[in-house]
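Here the structure of chain A is known, so what remains is to put chain B in place on it, guided by the hints.
Those sequence lines, one after another, are chains A and B.
Per the numbering used here, numbering through the first sequence is continuous, rising by one, with the last residue being 389.
Per the numbering used here, numbering through the second sequence is continuous, rising by one, with the last residue being 275.
Wrong hints could be hidden among the right ones.
[As the list claims (entries may be wrong)] One side only, chain B facing chain A, incomplete, derived with CB under 8 Å: (1) Lys234; (2) Val242; (3) Trp244; (4) Phe252; (5) Val256.
If you are wondering where the hints come from, they were derived from the structure by calculation, not from laboratory data.
Bear in mind that the values here come from a model prediction, so they are computed numbers and not experimental data.
Using N, Cα and C, we set each Cβ at its ideal position, and we do this for glycine too.
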Amino acid sequence: MPYSVLVVIQILILLIMLWTTCRFSLDDVPTNSQLGKFFAILGFSYCIAMSLRLILGLTIYPESRWFTNWISTGFHIVLAGFVLVVANYHSSGWVKLITLQKIIPWIVYPLVMSTGIVLHFVLLHGHQHALVSVYLPVLWGAVLVNLLEILVPHKRGWQPNLSDVKNDLWFMGIIQVVFPQIVAILFVLALVKPIQSFGWPFFNLWPHSLPFYNQAVLMVLVADFFRYWLHRAAHSNKILWRFHAVHHSPEKLYWLNVGRFHPIDKSLQLLLDTLPFMLLGVSVQVIDLYVVFYAINGFFQHSNINLRFGFLNYLISSAELHRWHHSRVAEESNSNYGNNLSIWDLLFGTWFLPKNRLVVEIGLENRQYPMKFSGQLKRPFLKDHGKA
Amino acid sequence: MTSMIKTELVQLDAAPPKQCLKQTCVPWLWLLCLLFALRVIAQILLAQFDIPLLPLFER
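For reference, chain A alone in the conformation it holds in the complex (with noise of 0.2 Å):
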């Protein structure tokens, strides 16, 4: 299409949009639901094609110019939008109910996800430092997280306020962001180093020549079994859940509390899913794939968001079921173990996902537990320890 063709319709399109607003703004516009059911069918129809557009673009298309050209994509968006909010002014609410009640909760998951691992790959391919193309990613995740539970929260009462902000940052910042730094690099200079220098004999046992995506699922299945193990110890050995206590001490679910663990806990994790994999010769490109993966599904995970997960539920270890694992009645928490994927809780017969109730209350049984950063650190050492 020329160029000044596409400029007189897009004039033409503002000009509507504006006559409409001024309508919408200045009279009383009486509602049609008849015009709202039609301005909903086209406002969703051109939304999904124009998703499916950007979605093609990204993975099948990548050659054409139409599918890869995604600030027009967005702004048709843009225009779907416009329409929606006219199709819900028209049905007295109902697209908006619809849309937070019906379409959000399954499709945020999804989006989110693929979207941090679209951005993950193209800061990969655009030669960015690996903590750029990692934490960015992962920055987008926590971001929306954060956004949605505002939005479209599960439970207002899992809200947090500013004592639980606190506490769960000094965990994010130290034991998730700082503390694995430091911990990797002891690993690479007191053992990885050392063991390659002497001819590691295992390094074969990875599968090097299997595609990129292959070695990330794998090394997701791999790292997820040893870690379902590690969780299940955690909660039956005294020892470990001394430590582990830790994670399940909040009362209120929210995406920032996933980084909440002792250091030790967390030094018993690092040591299960990146120690054998960096021994392995895992490459680096597959381990961020695997971190930009695990931080986003964790704050899913751990989200306060309404979210439906159907039947990803038997794949994913989410939101759905890890309510479930923090409740504070035992027999319902010591199930869901999974860390990113929930296959593992149903090959060993700990998959939990009551149909038909929510789960009432989370956190330890003994509720004198201490919140503060510093109290949780000390409390496993304590000669009471607890009795969490």
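Then chain B, alone, in the frame of chain A:
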């Protein structure tokens, strides 16, 4: 618990008054108009000053 969920759903199901609908919709309509207007203006300026970024806005 079930009754609590039901109450919440019932409250959401009740149609909001028209004035309330208008208050929700009008700011969104203006915002989306503004976004689209910015796109059109950016496109015209890019063409006017021969900035080679115009293909980004095509179709």
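A quick look at each hint next to the structure:
1. Interface hint at B/Lys234: satisfied, since its Cβ lies 7 Å from the closest Cβ of chain A, which is below the 8 Å cut-off.
2. Annotation: B/Val242 was flagged as interfacial toward chain A, and the flag holds, the nearest CB pair being 5 Å apart, inside 8 Å.
3. With 8 Å as the threshold, the beta carbon of B/Trp244 comes within range of chain A, its nearest partner Cβ sitting at about 5 Å, so the hint holds.
4. Hint on B/Phe252 holds. Least Cβ distance to chain A is approximately 6 Å, under the 8 Å limit.
5. Checking B/Val256 against chain A by beta carbon gives a least distance of about 5 Å; that is within 8 Å, so the hint holds.
In summary, the structure agrees with every hint in the numbered list given earlier.
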